Amino acid sequence: MARETMNEEPRHLRRLFAVWFVSWIIGDVLYWLLLGPHMAPGDMTKSAHWNQFDLNVLFMLCIPVLFGVWIYFAYATFMWNAKRKSCPEPVGGPAAETNSRAQWSWIWITSVTVVLLAVYGTVALVGDNGSGGGEGPSPVWNPPGTVKANTAALAGKATWQPNSDQVLVVQVIGQQWKFTYRYPAFGGFETSQLILPNDTAIVFDVTSLDVIHSFWAYQLSVKADANPGYNNVAYADTEHTGPFQVHCGELCGIWHGSMFNSGSVVSQTDFMTWAKKTEAQTAANTANLPPMAWTYTPDANGASGGLYPDGTVTPYSPSETYGAKQPAS
Amino acid sequence: MSISTEQPNEVVRRSAAPPPKRRAISWTQRPGWMSQHLGTALVGAALGYWLGHWFGNYISSDYSYVANSGQNSIADTLALVMGVVGWLAGIGVLNYPLAKIAGREGKELEDVKDWTRYVRLSSDHKVVGLQYVVSVLLFFFTAGLLAMAIRTELLSPTFHMFSADTYIKIVSEHGTMMMMMASSIVVGPLGNYLVPLMIGSRRMAFPRIEAFSFWLFTAGYLVIFSALPYGGFPTGWTGYAPLANQAGPGMVSYLFGFAIIGVAMAAAGFNIAITIVNYRAPGMTWSRVPAFVWGILATAGLMTLATPSLFVAGLFGILDHTVLTTFYVAEHGGSSYLWENLFWFFGHPEVYIMALPGFGIVAELLPVFARKPLFAFKVVVAGELGVAVLSFFVWQHHIFQSGIDPSMRPLYMLTTELISIPTGFIFLVGMGTLYKAKIRFTVPMLFCFAFFFNFLIGGVSGVFQSDVPVNVTVHGGFFVLSHFHYTILGGLVFAFFGGLYYWLPLMTGLEINKKLSLIQFWTMFVFFNLTFFPMLIIGLLGQPRRVFTYARALTGLNDFASVSAFCLGASFLLFAWTLAYSLVINPKKSPLNPWDSLGLEWQTAQPVPVHNFERIPVIMTDPYHYSEEGAPKLADFGGGSSARESSVPPTDNETVLR
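So the sequences go chain by chain: A and B. The working numbering puts the first residue of the first sequence at 1, with every later residue one more than the last. The working numbering puts the first residue of the second sequence at 330, with every later residue one more than the last.
These are calculated hints, taken from the structure and not from any lab test. What you are looking at is a predicted structure, and each value in this text was computed from that prediction instead of being measured. Using N, Cα and C, we set each Cβ at its ideal position, and we do this for glycine too. Mixed in with the good hints, there may be bad ones.
[Claimed, not checked] Restricting the straight-line Cα-Cα distance to at most 30 Å, the calculated cross-link-like pairs of lysine-lysine (BS3-like) are:
id: 1; chain 1: A; residue 1: Lys178; chain 2: A; residue 2: Lys277
id: 2; chain 1: A; residue 1: Lys148; chain 2: A; residue 2: Lys276
id: 3; chain 1: B; residue 1: Lys767; chain 2: A; residue 2: Lys85
id: 4; chain 1: B; residue 1: Lys844; chain 2: A; residue 2: Lys83
id: 5; chain 1: B; residue 1: Lys767; chain 2: B; residue 2: Lys843
id: 6; chain 1: B; residue 1: Lys918; chain 2: A; residue 2: Lys83
id: 7; chain 1: B; residue 1: Lys918; chain 2: B; residue 2: Lys843
id: 8; chain 1: B; residue 1: Lys429; chain 2: B; residue 2: Lys442
id: 9; chain 1: A; residue 1: Lys157; chain 2: A; residue 2: Lys178
id: 10; chain 1: A; residue 1: Lys83; chain 2: B; residue 2: Lys962
id: 11; chain 1: B; residue 1: Lys765; chain 2: B; residue 2: Lys962
id: 12; chain 1: A; residue 1: Lys148; chain 2: A; residue 2: Lys178
id: 13; chain 1: B; residue 1: Lys442; chain 2: B; residue 2: Lys918
id: 14; chain 1: B; residue 1: Lys765; chain 2: B; residue 2: Lys917
id: 15; chain 1: B; residue 1: Lys442; chain 2: B; residue 2: Lys767
id: 16; chain 1: B; residue 1: Lys843; chain 2: A; residue 2: Lys83
id: 17; chain 1: B; residue 1: Lys707; chain 2: B; residue 2: Lys962
id: 18; chain 1: A; residue 1: Lys83; chain 2: B; residue 2: Lys429
id: 19; chain 1: B; residue 1: Lys962; chain 2: B; residue 2: Lys918
id: 20; chain 1: A; residue 1: Lys85; chain 2: B; residue 2: Lys844
id: 21; chain 1: B; residue 1: Lys844; chain 2: B; residue 2: Lys918
id: 22; chain 1: A; residue 1: Lys157; chain 2: A; residue 2: Lys276
id: 23; chain 1: B; residue 1: Lys765; chain 2: A; residue 2: Lys83
id: 24; chain 1: B; residue 1: Lys765; chain 2: B; residue 2: Lys843
id: 25; chain 1: B; residue 1: Lys917; chain 2: B; residue 2: Lys844
id: 26; chain 1: A; residue 1: Lys85; chain 2: B; residue 2: Lys429
id: 27; chain 1: A; residue 1: Lys276; chain 2: A; residue 2: Lys178
id: 28; chain 1: B; residue 1: Lys707; chain 2: B; residue 2: Lys767
id: 29; chain 1: B; residue 1: Lys844; chain 2: B; residue 2: Lys765
id: 30; chain 1: B; residue 1: Lys442; chain 2: A; residue 2: Lys83
id: 31; chain 1: A; residue 1: Lys157; chain 2: A; residue 2: Lys277
id: 32; chain 1: B; residue 1: Lys765; chain 2: A; residue 2: Lys85
id: 33; chain 1: B; residue 1: Lys844; chain 2: B; residue 2: Lys962
[Said to hold, decoys possible] If you only want the chain A side, here are some residues facing chain B, beta carbon under 10 Å, derived:
id: 34; residue: Trp32
id: 35; residue: Asn81
id: 36; residue: Ala102
id: 37; residue: Gln175
id: 38; residue: Lys223
id: 39; residue: Met272
id: 40; residue: Trp274
Whole structure, please, built from the sequences with the hints as guidance.
Shown next, in the form of structure tokens:
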């Protein structure tokens, strides 16, 4: 009896597969054409470009998953509803309890997908030098020239010229409740404006004076937590000019919500003009600033990059303080 | 291995011939207002609070946390500690251990029959379960009101209902209360109530520890609530240091509240896990243990193993606040990363503490309403255990961009994505069970379907976070916020509501009004999605979490989410009304086993008698043999007939909640 009913029944899985396959193809194509190009975080930097691509890959992968489950549940609601008169009696027993083919194919398909996703994510992460995320004080994936430029910046020897393929080092200092930026290539002046040259590799040295903030430049696809006493390095490679938003991405107290401003990527010559002008304008202020250091809070031994602007303290140097091994990073 | 032969016999004897009434009753056990109950607990808490505060000021009167602030964190902390001790002493948790310490025989808990047992210390797991139902709902509604306040503030980016200070404290209180509530929302009420019934036991392994965990949980509610009169705390539920070190006295409430909730969770988890392992009825082999119990077992394991890290984190924070240690202060040799790691080492298993019970409920309900056996039972169990084990290896995905050693990132990306394999099993199980089923769309079943809909979005959006490059864009924004509301509210809380609608007839013997609950379901489901789906988009457009203002262009989406959130809030009011109407205003007796479930918990009398089963059943098979001709009988209830047939109708004393 049961077998007869089964033979009369439509081939549910085949039907479901067909509907699912067609709909996710359509969904993915529509997504790619309509939403993909506008997806966050845009293409202002190389990492933004790649992160947008990664986001699109994930969306296009999740469309078949969502559609698969939704279509199945919609189908079940319609076909196997007790209210439907022609709904056949269900058949229990061992056959309904397990189906090793279905189980193993589910396990295999999801496992392979997930592992491939992780491999893809790793390739994207490493290939894009950390994808704009904060890599801590000792980054492992470095674009060419950045380590040298960063070391030079700390020694007060940073330079930057337009059309020279030089790396620009910018220090981001989080404090309650704003970000300020220091440009070591221009005498280490400090400003609350973040202006960056186009077509340039940029190193952000992110630190904090008080609590944890997170430097989140949305369109640049840069996010790095600012921890007091630590230097968190993130990279960006600008590709387009225009304005971008900076937010604090980590709850930092009462005015966390208003800790945002906007910066802009401008042409290299415009940047040079701005930097020279600002350097001159802020010269009196810069003279009173502590020397350029990775962090500005005293370390465990009281040594500091410059909370005390009397010139007697040495810049914070983990290797001098702790020997070759750096503390918690 | 699973059962001691003595225990059933002992209880059988007791139920066959009720024990003689004790004559001499000490004052602590006298019925009526003079014995110990909620009132004495409140008095104890107030006295303890006062004593602790006085003592703190006495020993450290000039020891300000911030110079000239007048804030003495030692007094505040001791007040809370002593308040909790007073609360526990007032309810009577300490009587037994103190008697034992004094070398005397501890007294048994009094067997109160009337409604006042719900405001007393009770060793009956069913009473504790219902106590939990009420208190998690209290938690849930308090924190829900705060959510309404948040959405009111976010109606406009420029016009502010609250000051920035008040707003961030509302956000923090909402998040913390919800997390505390959600970690117990299923294990507390349904776990305590149903686990013994489902495994054929008359009791929990450690009823005193069970009662202790409940009263500590409620103390946690009072402590975290005390943050508000203390001026709140600004750190969100994650409590990141050194912001926490900078915060005012409300922070102590957070740190101490979370620490004791951690102890309560560990105690509850420990008790439940041991009950499941040791108190299964004869024949209840591991392959016959219901999927819900497996889910609770996995959760209990997580609760026991993960919370010590939370406790330690809270303790360090309290020490930082009181005796000015510097565990989290980098300037003085501590590290802000210490809190992040300790917290998330607890925090990620916590996330699955808030997911696995939902899986268990759904796996339990689906076969009943699909009239088919649970598909791939072993896969459900493997999924639940796999999630539990893997959840200890993923915590650093919360701090991908924080500046920790980057070379670990691919590993945590891999483990995090791997965890979606066992998580996905619940979909295989759900879809397999529904295949060629005959689905009855009752309210609990609708909640199961909603669980799958919401949890799918929640789960898929979680994969986005785990991908490090995409994490740069979505971390710390509304995308994450929406993701975890989809999994916790959309997944766990929907499953819990489904479970409540399903099991309340068993617990109370009353029917829940169908029409009202149907309206409640649809408003909750629709407005939940209308609230949180826009937040995914808001997040992708770059709005950070916990902000009181935002880009003007996002006003439309935020307003839409806010208005939907108010409607969602109304649906929870409707839920309260549904319960009040069905249980108090117009109670109707529920038919026996109204859903035609094969579950062991339904095979006893309804409402469940004090000792659960007339005789300890001997389990013959698993409870999922729906639509199977010649299926074996679930259990032998002794004497050839089921307990349900032979049991006497519940006496007045046993009618729960009436």
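These are the hints, each one checked on the structure:
1. Lys178/A / Lys277/A: Distance of about 23 Å is within 30 Å: holds.
2. Lys148/A / Lys276/A: Holds: Lys148/A and Lys276/A sit about 23 Å apart, inside 30 Å.
3. Lys767/B / Lys85/A: holds, 11 Å
4. Lys844/B / Lys83/A: holds, 18 Å
5. Lys767/B / Lys843/B: holds, 20 Å
6. Lys918/B / Lys83/A: The hint holds at about 26 Å.
7. Lys918/B / Lys843/B: holds, 13 Å
8. Lys429/B / Lys442/B: Holds - the C-alpha atoms of Lys442/B and Lys429/B are around 26 Å apart, at most 30 Å.
9. Lys157/A / Lys178/A: Given pair Lys157/A, Lys178/A holds - Cα atoms ~27 Å apart, limit 30 Å.
10. Lys83/A / Lys962/B: Distance ~28 Å between Lys83/A and Lys962/B Cα, so the pair holds.
11. Lys765/B / Lys962/B: holds, 24 Å
12. Lys148/A / Lys178/A: holds, 29 Å
13. Lys442/B / Lys918/B: Holds - the C-alpha atoms of Lys918/B and Lys442/B are around 20 Å apart, at most 30 Å.
14. Lys765/B / Lys917/B: Violated, at roughly 34 Å.
15. Lys442/B / Lys767/B: violated, 42 Å
16. Lys843/B / Lys83/A: holds, 17 Å
17. Lys707/B / Lys962/B: OK: Lys707/B and Lys962/B at ~21 Å, within 30 Å.
18. Lys83/A / Lys429/B: It is violated: about 61 Å lies between the C-alpha atoms, which goes past 30 Å.
19. Lys962/B / Lys918/B: Measuring from Cα to Cα gives roughly 27 Å; hence the hint holds.
20. Lys85/A / Lys844/B: At roughly 23 Å apart (the allowed maximum being 30 Å), Lys844/B and Lys85/A satisfy the hint.
21. Lys844/B / Lys918/B: Distance ~16 Å between Lys844/B and Lys918/B Cα, so the pair holds.
22. Lys157/A / Lys276/A: Holds - the C-alpha atoms of Lys276/A and Lys157/A are around 16 Å apart, at most 30 Å.
23. Lys765/B / Lys83/A: holds, 14 Å
24. Lys765/B / Lys843/B: holds, 26 Å
25. Lys917/B / Lys844/B: OK: Lys917/B and Lys844/B at ~14 Å, within 30 Å.
26. Lys85/A / Lys429/B: This hinted pair is violated, its Cα atoms lying about 66 Å apart.
27. Lys276/A / Lys178/A: Distance of about 23 Å is within 30 Å: holds.
28. Lys707/B / Lys767/B: Since the Cα atoms of Lys707/B and Lys767/B sit roughly 23 Å apart, the hinted pair holds (cutoff 30 Å).
29. Lys844/B / Lys765/B: Within the cut-off at roughly 28 Å; holds.
30. Lys442/B / Lys83/A: violated, 44 Å
31. Lys157/A / Lys277/A: With Cα atoms ~20 Å apart, Lys157/A and Lys277/A stay inside 30 Å; holds.
32. Lys765/B / Lys85/A: Roughly 14 Å separates the two Cα atoms, so the pair holds.
33. Lys844/B / Lys962/B: Answer violated: Lys844/B to Lys962/B is near 34 Å, above 30 Å.
34. Trp32: Since the shortest Cβ distance to chain B is 16 Å, the answer is violated.
35. Asn81: Status holds, d = 6 Å.
36. Ala102: holds, 7 Å
37. Gln175: violated, 12 Å
38. Lys223: holds, 5 Å
39. Met272: Hint violated; Met272/A Cβ to chain B Cβ min 29 Å, cut 10 Å.
40. Trp274: violated, 25 Å
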